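One line per chain: the protein sequences are A and B, in this order. The first sequence begins at 13 in the working numbering and counts up one residue at a time. The second sequence begins at 2 in the working numbering and counts up one residue at a time.
These are calculated hints, taken from the structure and not from any lab test. Incorrect hints may appear among the rest.
Calculated pairs, SDA-like style, for lysine to any residue (alpha carbon to alpha carbon, straight line, at most 25 Å) [as the list claims (entries may be wrong)]:
| id | chain 1 | residue 1 | chain 2 | residue 2 |
| --- | --- | --- | --- | --- |
| 1 | B | Lys35 | B | Arg9 |
| 2 | A | Lys142 | B | Gln60 |
| 3 | A | Lys93 | A | His138 |
| 4 | B | Lys49 | A | Asp145 |
| 5 | B | Lys49 | A | Gln137 |
| 6 | A | Lys74 | A | Asp141 |
| 7 | B | Lys49 | A | Ser162 |
| 8 | A | Lys74 | A | Lys93 |
| 9 | A | Lys74 | B | Pro58 |
| 10 | B | Lys25 | A | Pro171 |
| 11 | B | Lys49 | A | Glu124 |
| 12 | B | Lys25 | A | Ser162 |
As the structure is a computational prediction, the values presented were derived from the model and not from experiment.
Single-letter residue listing:
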Amino acid sequence: MIQAARDGDLDSFNRLVLAYQDLVYNQAYRMIGEEESADDATQNAFISAYNHLGSFRGGSFKAWLLRIVTNACYDELRRRKRRPTIPLEPLDDSGEEVESPSWMVDPADRPEEQVQRVELQNAIQHCLDKLPDDFRSAVVMVDVQGLDYSEAAESIGTPVGTIKSRLARARLRLRDCLSGFAELLPSGVRLE
Amino acid sequence: MKNQINSRDYELISTYLDNQLGSKERAIFEERLKADPELRNELHEISKTRLMLRRLPRQRVPRNYYVTAQAVRPRPTLKLAPIFGIVSAVASVLLALVIFGGTILSPTSEVAMVPAPSIPTETVASQQEIARSSAASPLPPTEAAPSIIMGAQIQATPTPFIPDATTTQPEIATPTTIYIYVYPPSATPVNPFSIAIAPTETPTLSCDEYWSKPLPSSADIYHCPTPTGTLSKYLESILSTSTSTPTYSPTPDESPTPTLTTTPWPTETASPTETPAPTATPAPTDTFTPGVTPVPPALGAPPQAQKLIPSGSEESATEITSPNPLLGAGSPTQAAQDQTQAAPAGPNFSFLSYLLLTVEISLAVIAVLAGITAIILRIRAR
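Could you put together the complete structure from these sequences and hints?
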């Protein structure tokens, strides 16, 4: 199927899209933290992948796709830094921003447990967003996407040793960040 | 206690959780875990963080990301990149050939820069006639007439010093710049065929005299090196001489020599003619004065290199070089035009050098630009 797509068969490539779009979109979403931008990054990544299929030298197609979408996310994040957007977080009574985006969820329509799970996911995403881009891409690939070190190294284009180092530092920072949301964490994984 | 755990320990913890440690490292690390409760606590918290990340739910894709034919566009740059690369490579090879090819082909580049006088067949034939005429010449052997040798660029050669110009009509193939080197009078007559050989004897002039001359001869160049720092003056002297007013006449009593741009070329060769005897102290002239009837150069005229620019007609060429007064009494206007065209006299060494330099620079620019373009296209294609 990959070879057929390299020969220009668009239908074959679209079958690959169906097989990998969930992986690619989740990578983009965890990297950017926003659905709309993740949607754009995913679409651009697949178009770029089709245009550059000739440069695919074999190996892990999944890692190759993740590398493309990660680069697309870097571009999106750089664009955001050049043109910062107004944060959507509301202000509390004292005028401070409410960092937790859980205000967007309507708790009236959901059970308490579901609300807490959503808040936890938002807290994790919040901590992921605070990581440097290199750390975030490594931890998302290994811990969220489930890639092994070699696949992550191939996707990011760095040695395995670099992946180990970035992953350890990213996990440590996440641990420190999530300790501030201890009340949201389940008892089994509550950090001390 | 936490300060005792460094970044290396956290990397070990992370690698241990992912089961990426080797058996030996793993055993050592587990020994440390048993002995260090703080390290064990850190391992536990990092493990919970890792677990939370792995429990993150998969986001559902909002739509299918099919790629349509309209969304993808062909990338012609992928095909252009190797073309530019090939162009760059070819230009580089040509540049190397231009730079080093001359050295390989002509190891004696110093000599190669000077066009060796060549003798076309026509010239040899005319010189044979000159030899025959010299045998019948009443001139004493000590009187030597200017001998003529044609430069390398001669395409067709008029025979300027044949007494009867009508019997020796030159064959002019194409209008071409002609350089005629007129050798100075010689005390001893030599074989006419020897005039074909470039002068090999040491010039009679000293180098000081040579450089003091307004028009140094080519032969002297072999023996007198260019003084340091005087090249510009030398070029200025050439330029000023080329455009100067008449300062020289072959004989003190005669009119200026018509329409001949001259450069001296001392030689020992002689070419006997029937023309009158030379004067002892010639004064050079190189421009034509309108209104004055041009006369042929007298015997014993100073060494001259005559540059003729035939306008495509034999008549004009013969008119310039023939000693016949009738032929020499051409239109002053035309002669002046010839003089104007003959102004940039001398071998086109500098022109060839500039042409070579231009080619080298062009090839270098092409090679660099094509290479950069190829690199940019390849980077964009990624």
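Each hint, compared with the structure:
A threshold of 25 Å between alpha carbons decides the hint, and for Lys35 of chain B with Arg9 of chain B the separation of about 18 Å falls inside it, so the pair holds. Our distance criterion of 25 Å between C-alpha atoms is met by Lys142 of chain A and Gln60 of chain B, whose separation comes to about 20 Å. At most 25 Å may separate the alpha-carbon atoms for a hinted pair to count; Lys93 of chain A and His138 of chain A meet this at roughly 17 Å. Between Lys49 of chain B and Asp145 of chain A the alpha-carbon distance is near 22 Å, which keeps this suggested pair within the 25 Å criterion.
Only pairs whose Cα atoms come within 25 Å are accepted, and Lys49 of chain B paired with Gln137 of chain A is accepted, the gap being roughly 16 Å. Distance hint between Lys74 of chain A and Asp141 of chain A is fulfilled; the C-alpha atoms sit about 23 Å from each other, no more than 25 Å. A hinted pair counts as satisfied when its Cα atoms are at most 25 Å apart, and Lys49 of chain B with Ser162 of chain A qualifies at roughly 23 Å. Between the alpha carbons of Lys74 of chain A and Lys93 of chain A the distance comes to roughly 28 Å, so the proposed pair goes past 25 Å and is violated.
With a C-alpha separation of about 20 Å, the suggested pairing of Lys74 of chain A with Pro58 of chain B holds against the 25 Å cut-off. A distance of roughly 22 Å separates the Cα atoms of Lys25 of chain B and Pro171 of chain A; the hinted pair therefore holds under the 25 Å criterion. A threshold of 25 Å between alpha carbons decides the hint, and for Lys49 of chain B with Glu124 of chain A the separation of about 23 Å falls inside it, so the pair holds. Distance restraint check for Lys25 of chain B and Ser162 of chain A: the Cα-Cα separation of roughly 21 Å lies within the 25 Å cut-off, and the hinted pair is therefore satisfied.
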